[in-house]
Every structure is written in structure tokens, then in C-alpha cells.
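So the sequences go chain by chain: F and X. Residues 44 to 681, numbered by the working numbering, are exactly what the first sequence covers, in order. Residues 91 to 562, numbered by the working numbering, are exactly what the second sequence covers, in order.
What the hints contain is simulated information worked out from the structure, not anything from laboratory work. Glycine included, every Cβ here is placed at the ideal spot set by N, Cα and C. It cannot be assumed that every hint is accurate.
[What the hints assert, rightly or not] Below, computed lysine-lysine pairings styled on DSS-like, alpha-carbon distance capped at 30 angstroms: (1) X:K446 with F:K71; (2) X:K267 with X:K277; (3) X:K379 with F:K630; (4) X:K520 with X:K182; (5) X:K525 with X:K445; (6) X:K236 with F:K607; (7) F:K619 with F:K630; (8) F:K349 with F:K572; (9) F:K349 with F:K414; (10) X:K379 with F:K619; (11) F:K607 with X:K243; (12) F:K77 with X:K445.
[Said to hold, decoys possible] Which bits of chain F does chain X cover? Going by a derived footprint, with three or more residues having C-beta under 8 angstroms, they are: (13) 107 to 120; (14) 216 to 226; (15) 610 to 623.
[Stated by the list, open to error] From the derived model, a few chain X residues whose C-beta atoms are all more than 12 angstroms from chain F: (16) I101; (17) K114; (18) I135; (19) V139; (20) L167; (21) G234; (22) E235; (23) K277; (24) V356; (25) Q431; (26) E439; (27) M521; (28) S522.
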Amino acid sequence: MKVIIAFIILWPLVGFLFNGLGRNFWSKKVVAYKATGFILASFIFSILAFMNVQEQGAITVHYFDFINTGSFKIPFDFKVDALSSLFLLVITGVGTLIHLYSTAYMHEEEGPHYARYFAYLNLFIFSMLLLVLGDNFVIMFIGWEGVGLCSYLLIGYWFSNAAFNYAAKKAFIMNRIGDLGFLLAIFWLIVKLGTVSYSEVFTAESLAKLSSGDITAITLLLFVGAMGKSAQIPLFTWLPDAMAGPTPVSALIHAATMVTAGIYMITRANLLFSASELTQHVIAIVGISTALLSATIALKQNDIKKVLAYSTVSQLGYMFLGLGVGAYSGAVFHVITHAFFKALLFLGAGSVIHAMHHEQDIRKMGGLKAKLPITHITFLIACIAIAGVPPFSGFFSKDEILAAAFAKNPIYWALGVIGAAMTAFYMFRLYATTFLGQFRGSHEQEHHLHESPIAMTLPLILLAIASAIAGALGIPALMGGNHWLSHQLIPIIGEAHEEHLSHETEWILMGVSVTIAVIALLIAVNRYKKQTDQEPTTALGKFFYNKWYIDELYNNAIVEPLNKFAGFLKEIVEKKVIDGAVNGTGKLVQYSARQIRLIQSGQVGYYILFMVLALVLMFVLWFNDLAILRFLYQMTHK
Amino acid sequence: MFLLSFLIIPIVAALALLFIQHEKRAQDIAIVASVASLTAAVNIILNNVPSVDFAWIPVLNSRFVLQVDGLAKILILLTAISFPAIFIATNKNQVAQKNIFLSLMLFTQAGLMGVFLAGDALLFYFFWELALIPVYFLCSIWGGEKRIAVTFKFFIYTFLGSLLMLIGIIFVYMHTKEHNFLLSSFKTASFNPAQQVLAFALFFIAFAIKMPIFPLHTWQPDAYDQSPTAVTMVLSAVMVKMGLYGVLRWLMPLFPNAFSAHTNFVMVISIIGILYASFLAIRQDNIKKLIAYSSIAHIGLMSAAIFANNTIGTQGVLVQLFSHGINVIGLWIIADIIEQQAGTKLLSEMGGLAKKQPTLAILLVAFSFANIALPLTNAFVGEFLMFNSLFQVNPWMAATAGVSVVLAAIYTLNMVQKVAYGDVSTAIQKMSTNKPAQAVLIILIIIVFVTGVYPQPLFDLTKDTLLQLFVK
Chain F
44 MKVIIAFIIL
54 WPLVGFLFNG
64 LGRNFWSKKV
74 VAYKATGFIL
84 ASFIFSILAF
94 MNVQEQGAIT
104 VHYFDFINTG
114 SFKIPFDFKV
124 DALSSLFLLV
134 ITGVGTLIHL
144 YSTAYMHEEE
154 GPHYARYFAY
164 LNLFIFSMLL
174 LVLGDNFVIM
184 FIGWEGVGLC
194 SYLLIGYWFS
204 NAAFNYAAKK
214 AFIMNRIGDL
224 GFLLAIFWLI
234 VKLGTVSYSE
244 VFTAESLAKL
254 SSGDITAITL
264 LLFVGAMGKS
274 AQIPLFTWLP
284 DAMAGPTPVS
294 ALIHAATMVT
304 AGIYMITRAN
314 LLFSASELTQ
324 HVIAIVGIST
334 ALLSATIALK
344 QNDIKKVLAY
354 STVSQLGYMF
364 LGLGVGAYSG
374 AVFHVITHAF
384 FKALLFLGAG
394 SVIHAMHHEQ
404 DIRKMGGLKA
414 KLPITHITFL
424 IACIAIAGVP
434 PFSGFFSKDE
444 ILAAAFAKNP
454 IYWALGVIGA
464 AMTAFYMFRL
474 YATTFLGQFR
484 GSHEQEHHLH
494 ESPIAMTLPL
504 ILLAIASAIA
514 GALGIPALMG
524 GNHWLSHQLI
534 PIIGEAHEEH
544 LSHETEWILM
554 GVSVTIAVIA
564 LLIAVNRYKK
574 QTDQEPTTAL
584 GKFFYNKWYI
594 DELYNNAIVE
604 PLNKFAGFLK
614 EIVEKKVIDG
624 AVNGTGKLVQ
634 YSARQIRLIQ
644 SGQVGYYILF
654 MVLALVLMFV
664 LWFNDLAILR
674 FLYQMTHK
Chain X
91 MFLLSFLIIP
101 IVAALALLFI
111 QHEKRAQDIA
121 IVASVASLTA
131 AVNIILNNVP
141 SVDFAWIPVL
151 NSRFVLQVDG
161 LAKILILLTA
171 ISFPAIFIAT
181 NKNQVAQKNI
191 FLSLMLFTQA
201 GLMGVFLAGD
211 ALLFYFFWEL
221 ALIPVYFLCS
231 IWGGEKRIAV
241 TFKFFIYTFL
251 GSLLMLIGII
261 FVYMHTKEHN
271 FLLSSFKTAS
281 FNPAQQVLAF
291 ALFFIAFAIK
301 MPIFPLHTWQ
311 PDAYDQSPTA
321 VTMVLSAVMV
331 KMGLYGVLRW
341 LMPLFPNAFS
351 AHTNFVMVIS
361 IIGILYASFL
371 AIRQDNIKKL
381 IAYSSIAHIG
391 LMSAAIFANN
401 TIGTQGVLVQ
411 LFSHGINVIG
421 LWIIADIIEQ
431 QAGTKLLSEM
441 GGLAKKQPTL
451 AILLVAFSFA
461 NIALPLTNAF
471 VGEFLMFNSL
481 FQVNPWMAAT
491 AGVSVVLAAI
501 YTLNMVQKVA
511 YGDVSTAIQK
521 MSTNKPAQAV
531 LIILIIIVFV
541 TGVYPQPLFD
551 LTKDTLLQLF
561 VK
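Please work from the sequences and hints to get the whole structure.
And the structure:
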């Protein structure tokens, strides 16, 4: 097993080295086959690992000690259990499809850049696997920063474009703010417990060693990390900008996998999180606020990828709402279904952009249904799934979160349903504007409209199937299912304990949310199948269209003042105050020397002599034992 | 007597170089001598070698004692790697009277090795100056336009520190029972508390200027900027380590009470320095000054961690002494290639390196991420342990210092963006591949990743120093 687990993660690394170092040597075909093949191999090994967990339970393997200073040790250990094996399957499975898709999507790139793209993508899978496989917080952190690096490299993949570089930089820096929180949480654990290994931290004894203040602080700091990586308020503005990267990257990193790392982390540490009421409230409130805020923005965007980006932020908000109300299995469930349908949406969007020759404005699309039949039907399935219409996957996972939210606090549920209605509305606005009605692009674009090649449509079809049926993983008892997923996760999160609701209440809640969502989506389809949104005229419309002016706010309230402060330090403090004092002292010495001894300036030796004499004098004055003089006497009389 | 080779090899080569005006031959001699030192360094790491001990200045009871432990070994290794790397990477640079230049460089190397090896305080002082004096000449003869003023400041500043240290050495000498300069005698010298504080202060200021600790740092960015880059590399990769080494070798063991009494004070100014330097780095348009301020920030963290006075922080520093040197040389080599070929140090005149010189751009990105301590690069291990040590002392200190993690990302990625991305600028357009320099960079980046993934050999190497410092 040790070897199998090692290979899961080594395949992508081999792929990275192969394509990265050989970027000038291999043909594009070789690059494409190898890059995809290595991830496929990793997927196959993940299946083996998954089956092994099913049969024999969780296993931990030790490779070497990453840090061992005697008193303090961080082993390089991997853990494959129910939670990580599920994530392995999602990452490598969706990863394989997106690699396959990329082979066609990126075909216009020149050889070395094509190889560079796949090298980054392989490195991303490697880092992501490290993140979920690690058996302690430090290994998780290594993967955590590693995926941040790959995200940076891939957002800025087209590096000639300055705007893309800014977006890449912004993503990395905002993530680093979160990472600092994560790091401090790790230090807190080390100081209090002397260990960061899951098997030693998540025990009753360890929990007993931590005061409630410790637990709240640690979990809040971890959550700061999660906010950065999973784009929650206030650290979410990088994700929409991250759409600068190639579309398959948005699908893999900024929808299906990396951004769900925060959910993975909190589920992994659920024992700690459940022990802090305050943290749970904070998470739930941040989650639902993010879900609503970004949903309002998504209502008004006209860039196909921007709508999906805000939708991702919003869906991540739902997952955090789930975590905050203790519905860990619901959150993980939503991670999985979201990985399918959101990856599908992005890949579908990629197929559209590909067909439209890099056009991303949905107002210039329309009527693509006929020309892109596979893209159309798969995109529609994904829209139904995300809107929460039964029996598609999104319905089950979202419903589980909403039910748990209701049990905790009906207001959460009500807000969640409003968000769900907005989700249905903006998704079908997107769908209708893009695929229904008349084509609004140029003649040239119309002439070139074509369905994408098989390498792109095959992933769409497979993901569409998954989006449609993945709900089967967690059919609730209510519907006669036995919720396979939550049984799976019992070793990690314990028995489900949010069963306060009667079946009757659950049916009603479900009925209400589905009805509202369906109404919203019908309104959207009706309205947008013929017309598109104009520039917003109402104040509220402008407010949403301009993303609540949050980027402007950050820029004026944080970035600019800090920049000015740095300028002040450079021009005033460094040059005038500190260096001024230094030079002033120098000049004083020079001046005195000239005055007293009438010595020409620039004779370093004299300054030194003066300094020594002065200092010697100080000694003599301070130490009445005249030790120095005695010493000098001895020296001269030996 | 093997330890003498660290002095003999560079000094003999340096003397020989004074008489060899043939440029190519001079370069070869310098490279061969520095590689020979590297071989010797590898030898002392793999094998135990006996100390050297003979009478030096009998009238003062000073002895010529050379000895090694983990701390010395790791810095000798760094020095021994740095010089061949620098010589090979800057081999193509046009330098007037190159043989003299190289000779002075090798004298510096001998001085540095002596500093790390000396087990006698007077000998330590001797080497301390031996390492500095050639650098003054190197800067003032081969430096940039403002070299005279800059070198003068550098000289006065550090010489002042040296003299205070000399006074400190004499002061401690007077309080030793045996009346000699041996490190072992110095450790048993007896002081009253006030005397200990005074002696502590004398040594501390010398080391603080050398590191440098805020606000004693203003000599450094100018000196780094105006020195020939080969010298800057020596200054920032190895020479600043003299200050940190001094603290670990002399300050901490000699004056334990005064040391403990001042930990908070030094930690606070160090942390202010980290943030201060990071902010200044954000606003630099000159790549050499940006790297200089970045280096001040990194050194600030190391000094804060030493003064955290716990095993985990000191362990982090011991590893980081080495890692910081490797990373900063990498960055300097890249900055130097650009300065030599593109003729500019200004970020605003750069851009498009990734198009023009992809391999060099990739190396820049790799070293930049090592500079901001991305996990699995060498710097992560050290920084992780050091921040952890601050946290042990005071969580707020760790959190405040931790802001530099974000600031470092800002200035480093700014640099990467301006140098590597965008369209090819007219300056960058002039560049061509410098193969030897790239080969050096590749070797260095391999060290970055190997010690980043598997740092254990560095821990094992320095274990004995840690025991000496913390197990009494």
C-alpha cells in the first residue's frame, strides 16, 4: 500500500518534471498523452487506494521525517481514509478529464508553452494530492501553498498580458494572508500540544489540554486560511480575477478542487471546530453572507466566466454554511457534486469560448443551441443540477445543507433559499442568453461556429452523467435511501447528529426551496430567451454590476494607504531620519576633528583614534577599578 | 592541521594571483582554489578533523586555535560553495586588473573561514578585520559611481563596530581567570551584572551593525548597490552571517544573563526591522536595492529568532544561515546577469525576460519563491521553525512578524512581474544566454529543493551546536 500511495502522488510529479524539463524536446502530442496519462495512472492508483480503504479501513504510511530536531518532529506521513480517498478520486478523476479537455482546448499554443501549461497542471495535481494526503497540518500546508503557487502560475499563464499578471499576483497575495492565519494556527497547536499529526491532535486527551479560548483561536485562525483558499468574505475578490487563466484551469483549480481545500481542512479538523460554538457561528455567517453577496453580483455579470466565478464563490459559501451548522457530510457532498457540475459549466463555457473565437461576452452570443448540441445539452444538465432541481445531484447536496441550516436556525435556511433562487435565476439567465434566442455575434463568428472536438466533448458528456446521478451518493433516509456518503464519513465526523427535523418538516422545506428555484429559473428563461441585459440603470443594478465596489474599497482603504506608508518610510524615515542621524553623527565627528585638531577631513584613522580614546575614557570613568589602565600598564611593561 | 587548509589555500592563491596578469589564467587559479576549498569543506563535514592549537602571540597569551562544530561547519560549507559559484557565474564580467580583484576576493574568503574557525578571541578579531579590509578595497576601487561616499560610510560604520568589539574582547580578557583569549576561558569569565551588560553591549553593537539590525542598517543597501555584484554576493550571502555567527558563538554563551535580559528588546527592534525593510523593498525600483532590503528583512527574522532564545528558533537559524545564503546568491547572480547584459538595474526598464531568456526566467521564478519561503524550498524549513520560536515567546510577535510573509510575496512577485513578464523591453532585448552562470544557478536551485524536501542532514550537522547552547 505504501508504494501505491506513493505512486498516486509521484505520477503527477513525474509528469511535471517530464514536461517541464523537456518542454523544448517533446512534440505536443507526446506532451498531451503523457500529461493526461500520468494523471489517469494516478486516478487508477487512487481507485486501488479507495478500494483498499473500503476493505481494510484507513491507513497511515510513514516515508521519512520532514523535520526532526529531537524535541520536535514533523513526519512526512500520508493518510488514506474515507475522506482523503474520496478527495483523491475527485481530484484525479476530474483532473484526468480536464487534462484530456486541455489537450484540445490549448492546441493553438506553441510547443514549449503547451508543455509548460501541462507541467503546471501536473504540478497542481501533485500539490493538491499532497494537501489531502498529508497526515498532519504541516504536510497539508505544503500542499496548500503549493496549489497557491500553481494557481499563480496558471492564472498568469499568458504572461505577456499585464492584467493577467496582476490577477495572478493578487490571487497569490490574498491567499498568503489566509496562509498566515493557517500558519499561526499550526504554531498554536505546536505550542500547546507539541504535535500537528491528525492522529495525535484529534483525540479526547489533546482536546482536554486545550482551553476553550485556545480552540476558538485555533479554529478561527484555520478558518482565516480557509477564507483565503476558498474565497470567502473578505478574501474572495481574487477568484473572479483568476478567470484570467485558461478556462480548463478555472474548471479544475478555481471550481472543482483547489477552492474546496478550505472545506476539506475544516472537515478534517471537525472535532476542533465542533468544540467552538463561536467559530461555528462565524463560519455559518461568513458562509451565507458570501453566498448571497456573490449571488447578487452574478445576477448582473455579462462575462460568461465571471458569472461562473461568482457562482463558485456563492456555492462555496453554501458549503461553509454547511460546515458552520455542523453538516460536515453535507458540505463534502456539495464539494463532490459541485466539482462535477461546476467543472462541467466551466468546460462548457470553454467550449463556447472556443467556438466563438475567444468571445466571452454573453450579450454577443445567443442561439448556440443548434450549433453546439453536445455543449448545449451538457450545459443545461449542469444548470439544472446547480439550480437544485431534483433528481439532479445539486438538489441532494444543497438540500442536505439547507435542512441542517434550518435545524440550527431558520433564518439561515430562509437566506439560503433566497440564495438558491438567485442561483437558479442567474444560471438560467446565463443559459438562455447564451444558448437560446438569436445569434448576436458577427457574421464571421457565425460562419466559424462549430461543435468542439471529441477530446473536449467527451469530458463534457462524462461530467454531465456524473452531475445528473451523483446525488445517488447521498439519498437521504427521507426518500428511502441510506445516505452512503455520510456512512462513509462516520470515522471522520462521527454519527450524523442533525436529525432534529421531522420528516414532514423536511418535505415541506424541500418543497418550498425547489418550488422557488423552479419559479426563478422559469422567469429567467422567459425573460432572457429573447433579450439581453442592457447596462444597468437603477442604483441597485449598478451596485451589483460593479461588484459592490469592493475592489475599489480595498484599493482605497488598504492598498493605497499602505503604498503611501511605504513611500513615507522610504523617502522620509529612511533618508531623512535614520540616515540623517547617521550622516549627522559622521559630520559632527568630522567637524569636531577639524576644529579641535585642525586635521584635514577624510583621514579615517583619526576618527577611529578619537572613537577609541573616547570609549577608553568612558570605561575608565565607569569602572573605578581602573582595570583598563592596569591592563595598558601590564602591556607596556612586559 | 587539516583546518589550516581553509586559510592556506585561499591565501596562497591570493598571493600568487598578485603576480599573474594573464586574465584567463588568473580566473582559472581563482576557480581551482575555491573548488579546492569546497572539497576541503566537504571533507570536514564527512570526517572529524582535529583542532589546530599553537602559540600565536605569547606576550598576550593568545593562541592560534582553529576548531569546528556544527555551526562552523555549516558556515564553512556556505562560504566554500559561495566562492566557486560567484567566480564561475561572474567569470565573463569585465573587470579591470582582474587578478587583483580575484586576489582580494580570496583574501576575504580566508578571513571569513578564519572567523568561523577561530577559537581564540584575538584571532577571531584578526580574521574579522582580515575579511573586511579587502572588501573596502573591492568596493572603493571597483564599485559604482557613488562608491567613494558609500564605501566611506560602510567603512566607518563597520569599523566602529569592530572597535567596540575589540574593546569588549579586551574587557572580557581582563576578567578571565587564566588571562588568555580562548573561547573556553571567555565562557568562564566572571562579571558583576553591570559589567556583563556592558560587555554584552560592546559585542552586540558590533554584531548588530554587521547583520545589520534596524536602525543600524543604512550602510547596507547602498553598499550592496554600489559594490561590484560579485562583492555584493559575498557581503550578503556570507558576510552578514558573521554577525549572526558572532551572536551564536560569542554573545550567547559568554553573557547568558545579559543575553536573556535583552531578548525582548532585540526581538522587538528586529521585528520592526523586518516590517520596515519589507515596506521599503516594496517601493524599490532598483533590483539590487530591492534584494538588499529583502535580505535585511530576512536577517531581521533570524536575529529575532536567535533572541527568542529557545531551541526551535536557534535550530531554524542554523538551517537558515545556509539556506538564505544559497537563495540570495541565486538572486544576485540573476540580477548581475541582467545588469551586465541589459545594462540596467531599474525594474521599470525591464520586462519580457520570460520571452527572451525562458530558462533564466524560470530560475528567477524558482529563486523568488524560495525567497518567500514556499514550502519544499529550503527557506521554508528555517522560517517555519523561526516563526514558531517567536510564537513560543509571544504569539503577537509571531503574528506581527508574520505580516512580512505577505509583504515578501508582494515585493517578490512585483519583481518577478517586472523582470520576467510583459513584452520584451529594449534593455532585456540585448540579453543572450550566459551558460556558466546558468549552470551555477541550476546547481544552486537543486540545493534549494533537495534541502527543502529533505532538510534532515542540515539538522544532523548542527545538532552539537544546539546541544552546547541549550543543554548546560
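Okay, the hints, checked on the actual structure:
A C-alpha spacing of about 22 angstroms is found between K446 of chain X and K71 of chain F, which places the hinted pair at or below 30 angstroms, so the restraint holds. Proposed proximity of K267 of chain X and K277 of chain X is supported: the alpha carbons are some 10 angstroms apart, at most 30 angstroms. The straight-line distance between the Cα atoms of K379 of chain X and K630 of chain F is roughly 25 angstroms, inside the 30 angstroms bound, and the hint therefore holds. Our distance criterion of 30 angstroms between C-alpha atoms is met by K520 of chain X and K182 of chain X, whose separation comes to about 16 angstroms.
As the CA atoms of K525 of chain X and K445 of chain X are separated by approximately 17 angstroms, the hinted pair is consistent with the 30 angstroms bound. The hinted pair formed by K236 of chain X and K607 of chain F meets the criterion: a straight-line CA distance of about 28 angstroms does not exceed 30 angstroms. For the hint linking K619 of chain F to K630 of chain F, the alpha-carbon distance of about 15 angstroms falls within 30 angstroms, and the restraint holds. For a cut-off of 30 angstroms, the pair hint linking K349 of chain F to K572 of chain F stands: about 20 angstroms separates their Cα positions.
Our distance criterion of 30 angstroms between C-alpha atoms is met by K349 of chain F and K414 of chain F, whose separation comes to about 23 angstroms. Distance check on the hinted pair: K379 of chain X and K619 of chain F sit about 18 angstroms apart at the alpha-carbon level, within 30 angstroms; holds. With a CA separation close to 29 angstroms, the supplied pair K607 of chain F and K243 of chain X stays within the 30 angstroms bound. For the hint pairing K77 of chain F with K445 of chain X, the CA-to-CA distance comes to about 25 angstroms; that is within 30 angstroms, so the pair holds.
With a threshold of 8 angstroms between beta carbons, the proposed coverage of the region 107 to 120 of chain F by chain X holds, since 9 of its residues qualify and at least three are required. With a cut-off of 8 angstroms between beta carbons, the region 216 to 226 of chain F has 6 residues touching chain X; three or more are needed, and the interface restraint holds. Here's how the region 610 to 623 of chain F fares: 7 of its residues keep a CB closer than 8 angstroms to some CB of chain X, so the rule of at least three is met and the hint holds. Taking the minimum C-beta to C-beta distance to chain F, about 25 angstroms, the non-interface status of I101 of chain X holds against the 12 angstroms cut.
Every CB of chain F lies more than 12 angstroms from the CB of K114 of chain X, the least distance being 32 angstroms, so the non-interface label holds. For I135 of chain X, the condition that its CB be more than 12 angstroms from all CB atoms of chain F holds, with the nearest at approximately 19 angstroms. No beta-carbon of chain F is positioned within 12 angstroms of the beta-carbon of V139 of chain X; the least distance is around 25 angstroms. The Cβ of L167 of chain X sits about 19 angstroms from the closest Cβ of chain F, beyond the 12 angstroms cut-off, so the non-interface label holds.
With a closest Cβ-Cβ approach of about 18 angstroms to chain F, G234 of chain X is found to remain outside the 12 angstroms limit, as its non-interface label requires. The claim that E235 of chain X is not at the interface with chain F holds, since no C-beta of that chain comes within 12 angstroms of its own (minimum 18 angstroms). Interface exclusion of K277 of chain X from chain F stands, the closest Cβ pair being 20 angstroms apart, more than 12 angstroms. Residue-level check passed: V356 of chain X sits 18 angstroms from the nearest beta carbon of chain F, beyond 12 angstroms.
The non-interface label for Q431 of chain X is consistent with chain F: the shortest C-beta to C-beta separation is roughly 20 angstroms, beyond 12 angstroms. The Cβ of E439 of chain X sits about 16 angstroms from the closest Cβ of chain F, beyond the 12 angstroms cut-off, so the non-interface label holds. Distance to chain F confirms M521 of chain X as a non-interface residue, since its nearest Cβ pair spans about 17 angstroms, more than 12 angstroms. Its beta-carbon lying about 17 angstroms from the closest one in chain F, S522 of chain X satisfies the requirement of being farther than 12 angstroms from that chain.
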